[in-house]
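Colleague: Protein chains in written order, with the working numbering: chain A, 823 to 1045; chain B, 56 to 450.
In case anyone wonders, no lab produced these hints; they're calculated from the structure. Here a beta-carbon is modelled for each residue, glycine too, at the ideal position from N, C-alpha and C. Any given hint might turn out to be false.
[Unchecked claim] The following label-pair restraints were derived from C-beta to C-beta distances:
no., chain 1, residue 1, chain 2, residue 2, range
1, B, Ile378, A, Asp974, 29 to 37 Å
2, B, Ala172, A, Arg1031, 25 to 33 Å
3, B, Gly63, A, Ser902, 45 to 53 Å
4, B, Val122, A, Glu936, 41 to 49 Å
[What the hints assert, rightly or not] Within a straight-line C-alpha distance of at most 27 Å, the following computed BS3-like cross-link-like pairs (lysine-lysine) qualify:
no., chain 1, residue 1, chain 2, residue 2
5, B, Lys443, B, Lys428
6, B, Lys131, B, Lys397
7, A, Lys889, B, Lys127
8, B, Lys132, B, Lys86
9, B, Lys127, A, Lys1038
[What the hints assert, rightly or not] On the chain B side, residues computed to face chain A include the following (Cβ under 7 Å):
no., residue
10, His62
11, Ala64
12, Asp73
13, Glu76
14, Cys144
15, Tyr191
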Amino acid sequence: MTSHDNEGAGAFGTAAGIGLALGAAALGAFLTTRPRKDHHGDDAPGFTQRRNFGHYDVTGRSVTIRKPRAELFAFWRDFSNLPQVMENLESVRPSGTDGRSIWTIKAPGGRAVEVETQIAREVENEIIAWRSVEGSEIDTEGRVTFEDAPGDRGTRVGLIIAYHPPGGEVGRLVAKAFLREPAVQARHDLKRLKMLMETGEIATSARRRDQTRAAKQTQQENA
Amino acid sequence: MRALTWHGAHDVRVDTVDDPEIINPRDAIIKVTSTAICGSDLHLYDGVIPGLMAGDILGHEFMGEVVETGAKSTLKKGQRVIVPFTISCGGCFHCHIQQYSACENSNPAEKQDPSTALYGQPMAGLFGYSHLTGGYSGGQAEYVRVPFSDVGPLVVPDHLEDEKVLFLTDILPTGWMAAENADIQPDDTVAIWGAGPVGLFAAQSAILMGAAKVIVIDQYPHRLELARGLGAQIINYRETQVLDALLEMSGGIGVDCVIDAVGMEAHGFALDNILEGVKQKIGIGADRAHALRQALMAVRFGGKVSIPGVYGGLTDKFPTGAIMEKGLQIRTGQTHVQKYHKMLLEKIEAGEIDTTFLISHRLPLEEAPTGYKNFKNQQDSWTKVILKPGMESAA
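Make the full structure from the sequences, and use the hints.
Modeller: So, in C-alpha cells, the structure goes:
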C-alpha cells in the first residue's frame, strides 16, 4: 500500500469511529464526484481510486439519462418509487418525523432486513444524501447527484453508496441478499432506472410473464 | 407453438415451446408469415458465437401479422409488419442520434455485463442471437414477442408480397449501410469480399450510389453470377490471385473502398486462416479475419474500409501497420435498421431495388434444420432460405 492509501484508510476509519454523526461531510472527502482537492490525483471521481476506505465498502456508478434533472430528482426523492428499479429493495416507507424512512431489503428465505435512514443533505434537483440512523442494523450512507449532461443528452445521475458490513446473523443475510456485490447491484439498478425513465418500462427478454426476472424472484422467495 | 431451437453446434431442432405473451406495455405479438436464415445464423449454427443456451429460439429476419398489442403499442391488430433485427427503444441517446443498433435500453440490465467485459460498453438487444445481446427469442417460430413495437416494426403495404420486403429486416439495410460506410464517391472502385446476401446487397447499393466499378470476390460460381447480374465485376479467389488482380483492376493504385462482407469465419487456405481455425475449434474466441486482412492490403492509401461482416472476439497478427501507415478510415457496426428501412421500402415500391433474385429455397418451418444444413454445406446453390410457418411440407 502507498502512504496515500494508509492515510485514506486511517482518516475514514476515524470518521467511522466517531460515528456517522459526521455524516455526509466526512464521507464527502472520499466519495465526492468532483475532482479531489486534497490529493495528488487525477480528475476521476473519488470512488474509482485504487484504494480502500477502511472498514467501509464503497461503490459508485454514473448513468446518463435523457430526461430533465427535475423529473429524475422528483422520481428519486419519493423513495417509495425506488423498489421499481432496485431489485433487492422490497419497500421504502416514511417513519414519522424529519424525513426518516425505513428501507426493507429482501433476504433469502423470505426474510427481510430493515434500515432506517434520515436525509443528510438535500438540494433540489442536485443532490439527495441519506444515512442510516444510530442503532440501525446496517451502517450505511449514500447519495445521488443530478447534473446536466452536455447538449441535449439529459442528466448525469451519480449514485454512491458506502456501508459497513455488519457482523452476525444480519450480516450474513445482508451479504447474501444485497451487499456481496454492491457494485454489480448498483450498476444494474441504475440501468433499470434509466430504462424506466427513458422508455417507461424495464426491458426483459422473457417470452412469458411468469419467466421474467422479477417473477422468478418472487417464485423463489415464496418457495 | 413450433420454433427452431438451438441445442449445440450443428444441432438445431423444431420443438414445441410456450407461446409468447405481452409482458411490457409497448410489446406486440407478431404471427410470423415469413422468416429467413441469415449468414450470421451460421455463426451460431457453428457454435462460434458465445452466449447461446440450449433451447434458444433463433432467427432475426422475420415479418408477419400483428395479433396482439400492449397498451402503449402503436400497432394495430391485422397490420403486416417487417421487424428489424435490432431492438431499439427510441428514447436513449443512441436511438436519438439514429445509432439504433447501439440502443442502451433494449438489453436487459442483468444481461449487459458479459458484453461490457468484452467491448467496454454493453451491446443492444437483438432477436434470436446470443445472450450477450439479451437472449431474446427469435423469429424462426410461429409467434414472436416484439418489444418497443412502436419504434421498430414497419407496416408494409398489402400489394407488396412477403418476399419483396422481408429483407428489410436485416440484410438489405445491412448491405446499404455497408456501402454507405465505404463513403463511395463517383469515381471510386469498390471491392467487396463475400457474394453472400450482404455482399450482394452491398454491391447493388454501391452501384446505386454511383461507384465507377464494383468488384465482388468469392469462390462460388453461382453466387458470383448473381453479382455479375447486378452489374458487378467478379473475382473467383480459387482461380485468381486476389491482391494482384485488384491492384491491376484499380490501375495500380489500390481500390478506393473495401467492404468485408465475410466476417469471422472466412474460408481460404492461407496460413493465418488455418491457425485461426484451430483456435476457433478449441473455443478461445478467435476471429478468423483472413478476408479483412486481405482487404486491408488491397485498399489504397487513404482509402475507406467498411466491415459489415460479423466479428465477436479477438484476432491475432492483425495488420495495424497497414491501418496506420495507409491512413485508412474504418467504419463498422451492426446495422441501424430503423434508420434505413423506410427509405429502402420506398425504393422497393418504386422498383429501384429488387431483392427476390437472392431467394433460392422456400421451406416449411418444420424443415428449418435441413435449411441450415444446406445453407452451410451447399453455399453455391443455397443462397437464401425462406421459412414459412404455415407452408405445407412437400414431403
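Colleague: Does Lys397(B) lie within 27 Å of Lys131(B) when you go C-alpha to C-alpha?
Modeller: With a Cα-Cα distance of about 18 Å, the restraint between Lys131(B) and Lys397(B) holds, given a limit of 27 Å.
Colleague: Holds or violated: 41 to 49 Å for the Cβ distance of Val122(B) and Glu936(A)?
Modeller: About 46 Å separates the Cβ atoms of Val122(B) and Glu936(A), which means 41 to 49 Å holds.
Colleague: Do Ala172(B) and Arg1031(A) keep their Cβ atoms within the hinted range of 25 to 33 Å?
Modeller: 30 Å, holds
Colleague: Can you verify the interface hint for His62(B): is its Cβ closer than 7 Å to any Cβ in chain A?
Modeller: Result: violated, 17 Å to nearest chain A Cβ.
Colleague: Hold the hint about Glu76(B) up to the distance rule: shortest CB distance to chain A must be less than 7 Å.
Modeller: 5 Å, holds
Colleague: Using the nearest Cβ pair, does Asp73(B) come within less than 7 Å of chain A?
Modeller: This hint holds: Asp73(B) lies near chain A, its Cβ roughly 6 Å from the closest one there, short of 7 Å.
Colleague: Taking only the CA atoms, is the gap from Lys132(B) to Lys86(B) under or equal to 27 Å?
Modeller: Satisfied, since the Cα-Cα distance of roughly 10 Å is no more than 27 Å.
Colleague: Is the distance from the Cβ of Ile378(B) to the Cβ of Asp974(A) consistent with 29 to 37 Å?
Modeller: 34 Å, holds
Colleague: Per the CB criterion, is Cys144(B) less than 7 Å away from chain A?
Modeller: 4 Å, holds
Colleague: Are the Cα positions of Lys127(B) and Lys1038(A) separated by 27 Å at most?
Modeller: 25 Å, holds
Colleague: Taken at face value, is the distance from the CA of Lys127(B) to the CA of Lys889(A) at most 27 Å?
Modeller: 19 Å, holds
Colleague: Taking 7 Å as the limit, does the beta-carbon of Tyr191(B) come near enough to a beta-carbon in chain A?
Modeller: 4 Å, holds
In this structure, the hints that do not hold are numbers 10 and 11, in rising order.
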